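A.B. asks: Sequence:
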Amino acid sequence: MKTILILLFLQIAVLTSGQSTKIGNDLYLYSQPDPVHNCTPEIKFDPAIHENVAGPYDGSNASFIWPFDVLLDQGIVLVNYVDDLSGGSIKDYNDNDWSYNGHNGTDLCLHDFRNMDRFYSVKAAESGTVVQIEMNNPDRNTAMGGDPANIVLIRHDDGSYAYYYHLMRKSVLVKLGEYVLQGKEIGYVGSSGSSTDAHLHFEPGYFTNGNWNKRDPWQGTYNHLASMWQNQPGYVGFRDFKMHDMGVFTAGQVGGNMANLTFAMLKERLITPNTVSCYEDKIGFWMQFQCNNTGKQIRFELRNSNGVLIDDVYFFADAQNQYAWSWWTPDFNPGISATGDWYVRLLYDNVEKGRYFFNVQLLTSNRPRLYPVAGKCFRRTLLVQKDTLRVRPVRSNMQYDLLNAPPNVTITNDSIINISTLNQTFREKEFKVIASIGGSASLRDTMIYKLIDTTKEDFTGNGIVSLELYSPLEGRWNGSVMEEDTVTVLLRAPLSPFNVVDSARVNLSANGYCIANFPNASSGIYYYIVVKHRNSIETWAKTVQQFPLGHPLSYDFRTSSTKAYGNNLKYKGGEYCIYTGDTNQDGIIDAADMSMVDNDISFFVQPYNVTDLDGDRFVDASDLSIVDNNAFNAVSVMKP
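Going by the working numbering, the residue at position 416 of the sequence shown is 480; the numbering climbs one at a time, nothing skipped.
No lab work stands behind these hints, which were simulated from the structure alone.
It should be emphasised that the depicted structure is a prediction, and the values quoted were computed from it without experimental measurement.
Be careful, since some hints might not be right.
Derived pair list, reagent style SDA-like, types lysine to any residue, alpha-carbon separation capped at 20 Å [claimed, not checked]:
1. Lys-234 / Asn-487
2. Lys-278 / Lys-520
3. Lys-606 / Tyr-629
4. Lys-496 / Asp-465
5. Lys-248 / Val-195
6. Lys-239 / Lys-520
7. Lys-703 / Pro-561
8. Lys-187 / Lys-440
9. Lys-636 / Ser-689
10. Lys-187 / Ser-291
11. Lys-440 / Arg-178
12. Lys-417 / Phe-379
13. Lys-360 / Phe-380
14. Lys-306 / Gly-359
15. Lys-703 / Val-565
16. Lys-346 / Phe-380
17. Lys-440 / Leu-617
18. Lys-417 / Thr-358
19. Lys-703 / Ser-560
20. Lys-239 / His-615
21. Lys-108 / Thr-272
22. Lys-187 / Asp-221
23. Lys-514 / Ser-484
24. Lys-496 / Thr-510
25. Lys-496 / Phe-611
26. Lys-278 / Pro-105
For each label pair, taking beta carbons as the anchor points, the in silico distance ranges come out as [to be verified]:
27. Asp-137 / Ser-587: 19 to 25 Å
28. Gln-296 / Pro-561: 47 to 53 Å
29. Gly-418 / Val-458: 29 to 35 Å
30. Ala-112 / Ser-429: 56 to 62 Å
31. Ala-118 / Arg-456: 56 to 62 Å
32. Asn-321 / Lys-108: 47 to 53 Å
33. Ser-506 / Arg-681: 50 to 56 Å
34. Gly-399 / Gly-320: 20 to 26 Å
C-beta: ideal position from N, C-alpha, C; glycine also.
Sequences and hints are given; from them, build the entire structure.
C.D. replies: In C-alpha cells form, the structure reads like this:
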C-alpha cells in the first residue's frame, strides 16, 4: 500500500560547506553551499618550487590518463567539473552548471569513508617531477574549515603542473624531486583539508608572471580548448538519474532510534545487518544518487521473500543533485511467519535501478565493524609504532588474526598492533587484520594497513602475480643464516585435484627469502602455495592465499608452525623451517633416505649432492643425524 512519505533527502553541491535543515516531519534538506567556499586554497607562486611558462599556454602537450584504477561510476562519482566562468555564475565545459561557483578543478568522489578505507589509489595522470608534498594532515574531514590538505604537485615536462588534493594521511607514495612516469601510484584518496567527503580534487594549470592559471582539461561546447584527456570520459551533467549505492539499516545501527540517523553516519556507510529481526518496529533503506530536475518519480518498494509488495513510497526529481542521499524508514514488524530473503527496490520513472536483499530472521544480528577507521598508513621510522583496533559492537569473543603481515608486525593484548622498524624490500607493503566473532567466516571485518618506505624502490611486477616468501630449510639453517639454495615454488588450484597453475624456480637467500613470479596466475584468485626442495619435505601453506593486484603477496613460514598445512614445520634456532631429509622425494623421511645418506658417507661423497642436507659440501654424520631424527618422527608430506 502507499504510505505517507517519511523521507530524508539531502541535497549537496558537494565538497563545499552546507547546512542540514529540517523541512518537514522527518524530511530534511542538506542546503546548497555557501558560494564563497572552495575546497582548495588560493595557489600562490613560490619561486622555490614553481616556474613560470611563457603564456598563453594551451595544454596541448599534456595527455592525461584517468587517475584511478577504476572507471567513472564504478566507485568514483564525478561531482564537480571546473567552473570556467568568472563572477557569480557557473559554467562547466559543456555549457552547463555541474560545478559550484569558483571551482578550479575536477572533484572525483568516493561513495563514502568506508570505501576510502579500502584504499583507492591515485595515479599520476601525466609524467613529471614531484615538486611539492604534504602528507601529515587529518584525512577524515567532514566540513570546510580551511585546514591544509595532503597533496602531491607534479611539474610536467612542458612546464605545466597538476595538483592532486585531499589525499589520505601518510599515504604519499612518491618523494620530492622524484621523476614519476604516467600511471604511477602517488597516494590514496582521502578527505584532508577543506573537504566534506573522500575525494580527489584534480587541478592542472600553469604559472605566468607569478600567477596561477587553471586549465580545464575537459573539452566541450563551452570550453573549446583541446581536451587534455587521452580518452575523455562522457559528460555526466545531463543524465536524468544515476543510483550509485544503496543499503538497509535498523535502529540499532543508529543509536536505537531511526531519528538519530545523521549525515555523518551516511558518510561512514551503514553496513547491512547480518540478519534483521521480524519484530523490528521499523526498518531503514538508503540510497546514494545523482539526478537532474526532470520531475520524474523516484520510488522505494519493500517486498517480502515471495516478491509481494508490502509498502512503497515515492518522491520526485525536482532539483539538480550532484551528490545526494535519500532514506526511508517505514514500519516493519511482519512477525515470525515472514522470515526469508526480503528486498528493497529502487525505481526511477518506473524502471528498476537497484535491488538490495536482506535476511529476515527471529533476531537482528550485526557483523563486527572496525571503527572509526578500517584502513591506515604507516611510514618508515626508527620507533615502534602502535595502533589499537576498535570494533563495534563490543564483543567478549572477538578474535584478531594477522594476514600476510611481515615479521616486524605483531599483535598483542588481542587488539594492539605493533610495527617495529620497517625492513621491507619494496616501497609499499600491505597486510591485514581480520576481526571476527569467535573466528566466524561470515561475522568479520577487515582492517587494511599500508607500510610505506620511500627510501625503497617500487615493486615492478608489471601485472605479474608475485610472492615474497620466507621459507628457511631445516638442514641449511644454523640459527642465524642459511646456506643458500634453489627451491621450486608451486601455485596449486584451491580445490581437488589441486592442479598446478604455475611454478617458479628461485634462490633462497641467507635468511630464507625469495621473490617468485607467476605469469600464468591471476591476481584476486586463491591458490595454495607449495614449496619443494631437492632433499626436503614438500610443504603446503595452511590455507589458500589470495594474491593482490599491484604488489607481491607476502608469506612467511618462519613465524609459526600453523603457517604450514598440518603444522608441518620444524622449530630450529628461533624460527620454523621446512623439514629436511626426503632425499628420494617420495613424500616421507624414512629408512630409505637414511640408507642413501649412509651410503654416501661411506664413499665420502662431496660436494653438491642430494644427501648433503646441511649444505657444508660434505656428506657426513651431521647429515645422517638430521635424517635419522626426522625418520624416527615419521615426518611426511601434509596436504589437503
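A.B. asks: Hint by hint, say whether it matches the structure.
C.D. replies: Structure-based check of all given hints:
| no. | hint | result |
| --- | --- | --- |
| 1 | Lys-234 / Asn-487 | 18 Å, holds |
| 2 | Lys-278 / Lys-520 | 34 Å, violated |
| 3 | Lys-606 / Tyr-629 | 4 Å, holds |
| 4 | Lys-496 / Asp-465 | 8 Å, holds |
| 5 | Lys-248 / Val-195 | 16 Å, holds |
| 6 | Lys-239 / Lys-520 | 11 Å, holds |
| 7 | Lys-703 / Pro-561 | 11 Å, holds |
| 8 | Lys-187 / Lys-440 | 19 Å, holds |
| 9 | Lys-636 / Ser-689 | 14 Å, holds |
| 10 | Lys-187 / Ser-291 | 19 Å, holds |
| 11 | Lys-440 / Arg-178 | 12 Å, holds |
| 12 | Lys-417 / Phe-379 | 15 Å, holds |
| 13 | Lys-360 / Phe-380 | 5 Å, holds |
| 14 | Lys-306 / Gly-359 | 15 Å, holds |
| 15 | Lys-703 / Val-565 | 17 Å, holds |
| 16 | Lys-346 / Phe-380 | 24 Å, violated |
| 17 | Lys-440 / Leu-617 | 18 Å, holds |
| 18 | Lys-417 / Thr-358 | 16 Å, holds |
| 19 | Lys-703 / Ser-560 | 11 Å, holds |
| 20 | Lys-239 / His-615 | 19 Å, holds |
| 21 | Lys-108 / Thr-272 | 12 Å, holds |
| 22 | Lys-187 / Asp-221 | 17 Å, holds |
| 23 | Lys-514 / Ser-484 | 14 Å, holds |
| 24 | Lys-496 / Thr-510 | 7 Å, holds |
| 25 | Lys-496 / Phe-611 | 13 Å, holds |
| 26 | Lys-278 / Pro-105 | 13 Å, holds |
| 27 | Asp-137 / Ser-587: 19 to 25 Å | 23 Å, holds |
| 28 | Gln-296 / Pro-561: 47 to 53 Å | 49 Å, holds |
| 29 | Gly-418 / Val-458: 29 to 35 Å | 33 Å, holds |
| 30 | Ala-112 / Ser-429: 56 to 62 Å | 57 Å, holds |
| 31 | Ala-118 / Arg-456: 56 to 62 Å | 57 Å, holds |
| 32 | Asn-321 / Lys-108: 47 to 53 Å | 48 Å, holds |
| 33 | Ser-506 / Arg-681: 50 to 56 Å | 54 Å, holds |
| 34 | Gly-399 / Gly-320: 20 to 26 Å | 22 Å, holds |
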